[in-house]
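Undergrad: This is what each chain is made of:
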Amino acid sequence: MMLPYLALAAILFSIGLFGVLTRRNTIGILMSLELMFNAVNINFVTFNKFIWTDGLVGQMFAIFIVVVAAAEAVVGLAIVLLLYRNWQGIDTDHVSVMKW
Amino acid sequence: MILSSLVAVPLLGMIIVMFLPKDKFNAIRWTSLLISVVPMVVSMWITWDYFFNLSGTSALAYVEGPYDWIPSLNIQYYLGVDGISVPMLFLTGLLSTLSLLASFGINNRVKEYFAFFLLLEAGMMGVFVALDFFLFYVFWEIMLVPMYFLIGVWGGPRKEYAAIKFFLYTLFGSIFMLVAILIMYFTSEPHSLNMVILLDHGPTMSHTLQMVCFIFFFIAFAIKVPVWPFHTWLPDAHVEAPTAVSVILAGVLLKMGTYAMLRISWPMFPQALRDLSFWIAILGVIAIIYGALVSMAQKDLKKLVAYSSVSHMGYCMMALAAFSSVSAIAGCMFQMVSHGLITGALFLLVGVIYDRAHTREIAAFGGLGAKIPVYTGIMVMFSMAALGLPGMSGFVSEFMIFVGAFGALNKVLVGISVLGVVLGATYMLRMVQKIFLGEFNMAKWGGLTDINLREIISVAPLAVLTVAIGVYPKPLTELMTATLENLVSLMAR
Amino acid sequence: MEFKLPDYNLWLMLPELFLFVWALLVFTFDLVTKRKKESAVGYSALLGLLLTGLILALVWTGVLVPGKANGYGSGFGNMFYNDAMALFFKIIFLGAAFMAIGSSFGITRQKIVNHRGEFYGLILLSTVGMMFLSSSNELLSLYIGLELTTIPLFVLAAFFKDNKLSVEAGMKYFVIGAFSSALLLYGLSFLYGLSGTTEIVQMKINLGLVHATIRDIGVILIMGVVMMVAGIGFKLALPPFHQWAPDVYEGSPTPIAAFLSVGSKAAGLVAFAKIFVNGLIVFYDPLQAPNDWGTLVGVIAVLAMVIGNVVAIRQSNIKRMLAYSSIAQAGYIMIGMVSLNEHGLASVGYYIFAYMFANMGAFAAVAIFEDKTGSCQIESYRGLAKSSPFLSVTLAVFLLSLAGIPPLAGFLAKYKVFAAAISMATADADYSWLYWLVGVGLLTAVFSLFYYANVIKQMFFSTEDSPYKIKFALPSLVVLLMGLVGVFWFGIFPEPVLDLASDISAAFGFLPR
Amino acid sequence: MTEYTFLIPLLPLFAFIMIVFFTRWKEMFSALLSIAMILAAWVMSVVILIETLGRIDEPFQWAYKFVNLPNFVLEIGTLVDPLTAVMLVVVTTVGACVEIYSVGYMHNDPRFSRFFAYLSLFLFSMLGLVVANNFFMIFIFWELVGLTSYLLIGFWFEKKSAADACKKAFITTRVGDLGFLVGLFMIGIYFGTFNYGGVFEIAGSGVIPAGILTAAAIFVFCGAVGKSAQWPLHVWLPDAMEGPTPVSALIHAATMVAAGVYLVARSMPLFVTSAEASLVVAIIGLITSFMAASIGLVQNDIKRILAYSTVSQLGYMIMALGLYGYDTAQGHHSPGFYAGTFHLMTHAFFKGLLFLGAGSVIHAVHTNDIQEMGGLARKMKLTAPTFMIASLSIAGIFPLSGFWSKDEIVAAASHYPIFLIGTLAIAFMTAFYMWRLCFLTFFGEPRDQHRFDHAHESPKNMTYPLVFLAVLSICAGWVGLPWIHKGFATFVYHGEAYEPHANYLLMAISLIVGLSGIYLAYLMYYKKSISADAMAEKFKGLYKLLYNKYYFDEIYQKVVIDPVMAFAGLMWKFDANVIDGAVNGTGWLTIKWSDIKEWFDTWIVDGAVNGCGWVVRQGANILRFMQTGSMQFYALFIAVLVVLFGLYKFEVKFLKIGWPTVTIIFILGVTLLALLTRITQIKFKANRRTDGEE
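Residue numbers (our numbering), protein chains in the order written: chain A, 1 to 100; chain B, 101 to 593; chain C, 594 to 1106; chain D, 1107 to 1800.
Hints should not be assumed to be uniformly reliable.
Unchecked claim - Below, in silico cross-link-like pairs of lysine-lysine (PhoX-like), each with a Cα-Cα straight-line distance of 25 angstroms or less:
#: 1; chain 1: D; residue 1: Lys1266; chain 2: B; residue 2: Lys544
#: 2; chain 1: C; residue 1: Lys757; chain 2: C; residue 2: Lys1062
#: 3; chain 1: D; residue 1: Lys1650; chain 2: D; residue 2: Lys1487
#: 4; chain 1: C; residue 1: Lys797; chain 2: B; residue 2: Lys122
#: 5; chain 1: D; residue 1: Lys1644; chain 2: D; residue 2: Lys1633
#: 6; chain 1: A; residue 1: Lys99; chain 2: C; residue 2: Lys1064
#: 7; chain 1: B; residue 1: Lys124; chain 2: C; residue 2: Lys979
#: 8; chain 1: D; residue 1: Lys1633; chain 2: D; residue 2: Lys1485
#: 9; chain 1: A; residue 1: Lys49; chain 2: C; residue 2: Lys1064
#: 10; chain 1: B; residue 1: Lys471; chain 2: D; residue 2: Lys1679
#: 11; chain 1: D; residue 1: Lys1265; chain 2: B; residue 2: Lys399
#: 12; chain 1: C; residue 1: Lys704; chain 2: C; residue 2: Lys979
#: 13; chain 1: D; residue 1: Lys1485; chain 2: D; residue 2: Lys1566
#: 14; chain 1: D; residue 1: Lys1633; chain 2: D; residue 2: Lys1132
#: 15; chain 1: B; residue 1: Lys124; chain 2: C; residue 2: Lys1062
#: 16; chain 1: C; residue 1: Lys797; chain 2: B; residue 2: Lys124
#: 17; chain 1: B; residue 1: Lys544; chain 2: D; residue 2: Lys1634
#: 18; chain 1: D; residue 1: Lys1634; chain 2: D; residue 2: Lys1485
#: 19; chain 1: D; residue 1: Lys1485; chain 2: B; residue 2: Lys471
#: 20; chain 1: C; residue 1: Lys757; chain 2: B; residue 2: Lys122
#: 21; chain 1: A; residue 1: Lys99; chain 2: C; residue 2: Lys704
#: 22; chain 1: D; residue 1: Lys1487; chain 2: B; residue 2: Lys574
#: 23; chain 1: D; residue 1: Lys1650; chain 2: B; residue 2: Lys471
#: 24; chain 1: A; residue 1: Lys99; chain 2: C; residue 2: Lys754
#: 25; chain 1: D; residue 1: Lys1664; chain 2: B; residue 2: Lys399
#: 26; chain 1: D; residue 1: Lys1650; chain 2: D; residue 2: Lys1664
#: 27; chain 1: D; residue 1: Lys1664; chain 2: D; residue 2: Lys1679
#: 28; chain 1: B; residue 1: Lys122; chain 2: C; residue 2: Lys704
#: 29; chain 1: C; residue 1: Lys629; chain 2: C; residue 2: Lys1062
#: 30; chain 1: D; residue 1: Lys1646; chain 2: D; residue 2: Lys1634
#: 31; chain 1: D; residue 1: Lys1644; chain 2: D; residue 2: Lys1634
#: 32; chain 1: C; residue 1: Lys965; chain 2: C; residue 2: Lys979
#: 33; chain 1: B; residue 1: Lys399; chain 2: D; residue 2: Lys1679
#: 34; chain 1: C; residue 1: Lys797; chain 2: C; residue 2: Lys704
#: 35; chain 1: D; residue 1: Lys1266; chain 2: B; residue 2: Lys399
#: 36; chain 1: D; residue 1: Lys1650; chain 2: D; residue 2: Lys1634
To be verified - Selected chain D positions facing chain B (Cβ under 8 angstroms, derived; list incomplete):
#: 37; residue: Ala1169
#: 38; residue: Phe1549
#: 39; residue: Arg1553
#: 40; residue: Thr1596
Just so you know, the hints here were simulated from the structure itself, not pulled from any lab data. Given the structure is predicted, the values throughout are model-derived calculations rather than measurements. In this text, a Cβ means the ideal position worked out from N, Cα and C, and glycines have one as well.
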């Protein structure tokens, strides 16, 4: 019963993960991060709906995640802006100066 | 209070020195010297008083505490001395003052030097009076820091290497001690860090744990002694350190290892000691022979003296392995004192010649006996003392060690170690011959001046004590006898 | 129908609320004064922290809490819970923030001319987040606290807008931070799925029941545990989730790096303790559950100590070196964390307390030096002892404390941590794997001395003089002195702190036998 | 007076301390002080000797406990019995003569006072050795005489040969002392006391197993071998002649080297318990004596000849003592003990005289080589006769003192053919080489005219001691005439007093042997009817062997010294490279890694290395490369490690088809995919800018 939903969440999470790990574009990374957060949301809501049906804790959690993710995206985009200001590009390759 | 003052006065002195103006060199020197005289006098008074009033029993004297220091960890402030720590206190007090006197030649960053030196003295005193494991460990480690700086800042050409090597080596040993302390703490019931209480707890631990603790303690202490093969920090540290620091290193720091063995691991783990004493004796014998042979190959005077320490401390280890014999243990204590005096003086004397000649290459000298007779006389005297000439303290200790070890240990092993006596004579006499005898190079060393009054004053007490103990060792034995008998009976458990 | 509000007990939250308001005031103060008053903003932030500390003390002793004898208890619909741990860690957060702000006056004067208010305000906000986190009683508020801690720090890391390194640091911190918080959330969602609650105490009970009945929760729990370890490991900069730390520390403003290394780490510790030591305690032990987290964290602690201490040796930048050092220190802390007895959490508390003084002090010294010279290279400290003896001596003391040389606080901290592990190991042969942690910890502690001593060597052993003569601003001096006094005082007279710390263990139910 | 015996050693010690610290600058005063002290000691010794004559069987003993531990007592004390009393007189007599003589011999030496200080220190040690009442104390003084011997041999330390010789002497005797030390340990362990009386009582009681007794006796004898220059440790004594001649006379002829004999005589109760040990003693004595005498035949250095003569004579005494022990152990009577100690006394006088005479000669001609002398009898009216008296005495010519003592040794050896033949051969050789020396030195034509012209008789303070000692060389033997009943034999004895009886046959044989030796020397070196060169040519191999002293020095150099030094060097290399190297992590490897040197900060190469430093540093290098600088790599790392940790905890039995499995598979797959994608993009750049700031 739950399987499709949880599988959907897993797929979403994996897509997001793949995106974060492989996208060269920082905006793309931001979007992938959002996918991961949303996969979590689906998880929470699914568990609330199918297993722990009394109370709305899971759904509440999902709403909070949406809010926090939005805040995070704002900060992220601001940093991407800084990236653009400094390098005139938003490629991840720019930010690999510090190492070792 | 009196034992606390031994630690507190130098510590206070360090703070005072830190607040003296940086460029008033003489003020700093004399202040530190005067401050260090206080613990010296106190330690001498303790020796005096202990000898006349307290040496009859093995009970701890001048006990302070145990006061709770960190009650939640059962850490106590607990000080006390007995027959094995009193001579060490005496030695520490004396050598610290003499080395401070010998440090008057330091002209670079004087304030820091003397401050560190006083901190060092506080740490050393603390090790010899602490009766709580944690306190002991704290003092044990505290010394490393000033020592690191003293070698690293004021040392010779390879000072940085020597300093970090000394620091890491000793720290490496200490961590084993820490583990052993913690194991003892948590296996004792109620949990305790009080050495006196743990003395009874040790033998009740399981055999495996005893072995583990014994070996861990042994590694920690052996590095300090240093026992072959943990000795490689020693030549570097001794050679690179400034003169006064070498004196302290050889005179006091090395003794802390053997002292700690006698105080802690030997009586606490008698069963493990019995199992391992043969191997300890072997290490001791190796150190004796090996140290002597390596000394023989040295071209640097200071290195020669440094390696001779390895050999001489080997006698201590062999004596400690013969734990069932009072005379061997007494010999070990004698050797600790006499090695402190003799090697301390030798390092001072090496410093004297180095200050003048700016080299320590043995081959660079020759025939100095004619040019600087007083220095030669003193140096020859201490060389003779180092090679165990009767009438000097070194002989008494070696004799007692050999007689004791001969009865308690494998005779072949002790027989081999006796070879060290000849080897000791060989390297010391080679050194004397090459430096003082033979033809004098007028062109090179024509400007050499003899030892001056300040330097004579700094070695004279050592010379007097070396001869005094050699000629009349009775007071020192009587000081320790009761304690040693008690220790031997503890080790026989 | 009568609608009854639950007992909010807002008095318990007074410090957080006060600091939150104060942070907003700092923002506006800077705007109102038209960014003219150079240091006033900073001082006002410091004042705020001091006042918060005062309020915290009053709350704790119950003076400000009507009808209660002390500040313990729950509020806000049981989402907020003050216990010994929460209060203890709040001291650390406040102290870390205080020292971070105190050491950032030079930076704000030189590099952040226009956004001082934001800089200080964000630090305060992040502190608020940490304080919320430490009082959170269930997963949601824990998550909110965590994010409130982290999001201002993203901004702060990238605060030098025109400095490429700073931006790079911000970007890295942000991406890795968001990524790991996603992982954490995914893990939390499984935890919720298993237990059906977000309240940690309830979760503990439910999981115990589930554990007893369903065997195949294993896989789910594995995923949950591993992902949560990853999420919190990021905050703690524990290997293998540590790689952001050196880069971010190097790039971000030095006080922020310091704050990251202490405040953020302490927050991570609280979160870890709450989720794992409290919530998942039934899955600690490999004997009771096949999917335990104890040995996993043990492995991670070993990795942290080894990687941190070993790689630090090769660093030439002192901030990177301190970053690796803080990675290693986290490893030591985790030894205390996996020692589940009355010493374990107490040692964690004392460790982070001692670590705060030493590490913040060291970073403060680095910040002072950087303000003057613009360099963070270890080489440029050469000969500093002659030209600036006080700075050198204090830095040396902090480093020695970090290395664990007695009688400094860092030594007692390590002692406590190892004592905790050994007491656990000697009590029961099943836990003898803790000996390995102790062994690795002690060995790597010796390595650690190597790189700490290297800095000392540069400062003291050089025969030539340093060209730099450092002068201190008053707040920096205060921070250094604070660190110095803390390191010495709490090393020699640690009993009061140890008492407080042992309450943490007691609050988690680890009572002395 | 006997109860004040302890003062006797202290008198010279007082002189030593005074000279070193106070009167060093007043040379003549120092010398006089020193002489006054030894004369006072001499007077006391004579009085003590007279007192002892009255109470032969009740030795006086006084002791003070020096170290007093349970089961371990060390004493300082005095024991005065006839042996002690005789030795005291001998030592103080020769000592006084030598000190007086030295005033003349050493004048103008820059270290004149120091010489007397050292002499006084020596006399202190020697007298202390003599009066000691236990093995521990004798060992202390044993070592101290070694020290003073070292100082005095190296007195002219500017000469390299002297510097080498003193070291050689000290170390060689120390090898023997090593054995003595082991012997002492055995005594300490098995007997529980070091006191002579105690040890001998226990030794005689039969409590101690025979093997232990033998071993202890032989180990004690090792000390004597070193100090008395017995084979195989005899090599130091001839070299010790580098010291000033009075020193040779006092230390290396009359007193210190006799200490070994004294020790054996003193420990005789120990030796008589073990026939084996005694036999070893006797054989070593014979070998030494024979070997040294044969070497003495061909040497040309006047002092070396005397040195080998000393070695030979000491071997003689040792042999006599050994034979006594051997006989007594088997229950026979033997004159050996009495003979040995008797010879010890007479030898001290005539050998002291010989050395002082040689010193006088050297003083006159400034060379040691007898081939450059000749005809000196004409110039040195006092030195030559006294020297010849001594030579007659040592050759065993009736009725000089040497005759009587040597005769008793021959008598002691007479039961054993090998020993008898050996003794007689040695007596023959002794007579030959001594008179070879006399003829070459004092008779014939001067071979170096220049030296001869400048030769002169020595001043009175040098010649008077010669005369005094010459008188003693003649008369000292008469105390042991076999016809008197209360003679030496009934005074110094062990066990029961031995009643000497005149064995006229043996007397005649030994006299004939001595005379024939002198006659041969006369023929070869005075009349030159037998060519010495032709003899040397004829027995070339033997001659070379003897001339090179059986190559002992060379053998020791090759077999002992070189290997030890090489071993020491090896150990040092081992220490520097292997032990330290293992710890340091082979610094040289570090240098070889120059291709990755870019990451080597200066302070590493600087050598700030620690335990396992190398491994750690290399580990650090490897681990550092994980830090690629790419944030996505970091994220990837996290993901991979999450999967790895997951797998680490994963157990197959939980695997069911369900949503958790699906999730895992998805995450696993994606991570792998990402890994593949990213791994190609990671750029491992070797360099980064070193500075963190821009």
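Undergrad: Is the hinted pair C/Lys704 and C/Lys979 satisfied, with a Cα-Cα distance of at most 25 angstroms?
TA: violated, 28 angstroms
Undergrad: Quickly compare the C-alpha distance for C/Lys757 and C/Lys1062 to 25 angstroms and report which way the hint goes.
TA: violated, 28 angstroms
Undergrad: Any CB of chain B closer than 8 angstroms to the CB of D/Thr1596?
TA: Hint violated; D/Thr1596 Cβ to chain B Cβ min 35 angstroms, cut 8 angstroms.
Undergrad: Check whether the Cα positions of D/Lys1266 and B/Lys544 lie no farther apart than 25 angstroms.
TA: Holds: D/Lys1266 and B/Lys544 sit about 18 angstroms apart, inside 25 angstroms.
Undergrad: Straight-line Cα separation of D/Lys1266 and B/Lys399 no greater than 25 angstroms?
TA: holds, 19 angstroms
Undergrad: Are the Cα atoms of C/Lys797 and B/Lys124 separated by 25 angstroms or less?
TA: violated, 68 angstroms
Undergrad: Would the pair A/Lys99 and C/Lys1064 pass a check requiring their Cα atoms to be no farther apart than 25 angstroms?
TA: violated, 32 angstroms
Undergrad: Quick check on the hint: D/Phe1549 CB to chain B CB, less than 8 angstroms?
TA: violated, 38 angstroms
Undergrad: Would you mind confirming whether the straight-line C-alpha gap from D/Lys1664 to D/Lys1679 stays at or under 25 angstroms?
TA: Measuring from Cα to Cα gives roughly 21 angstroms; hence the hint holds.
Undergrad: Is D/Lys1485 close enough to D/Lys1566, meaning Cα to Cα at most 25 angstroms?
TA: holds, 15 angstroms
Undergrad: Take a quick look at whether C/Lys757 and B/Lys122 sit within 25 angstroms of each other, Cα to Cα.
TA: violated, 44 angstroms
Undergrad: Within a Cα-Cα threshold of 25 angstroms, do D/Lys1650 and D/Lys1664 meet the stated pairing?
TA: holds, 19 angstroms
Violated hints, listed in ascending order, are 2, 3, 4, 6, 9, 10, 12, 14, 16, 17, 19, 20, 22, 23, 28, 29, 34, 37, 38, 39 and 40; each of the other numbered hints is respected by the structure.
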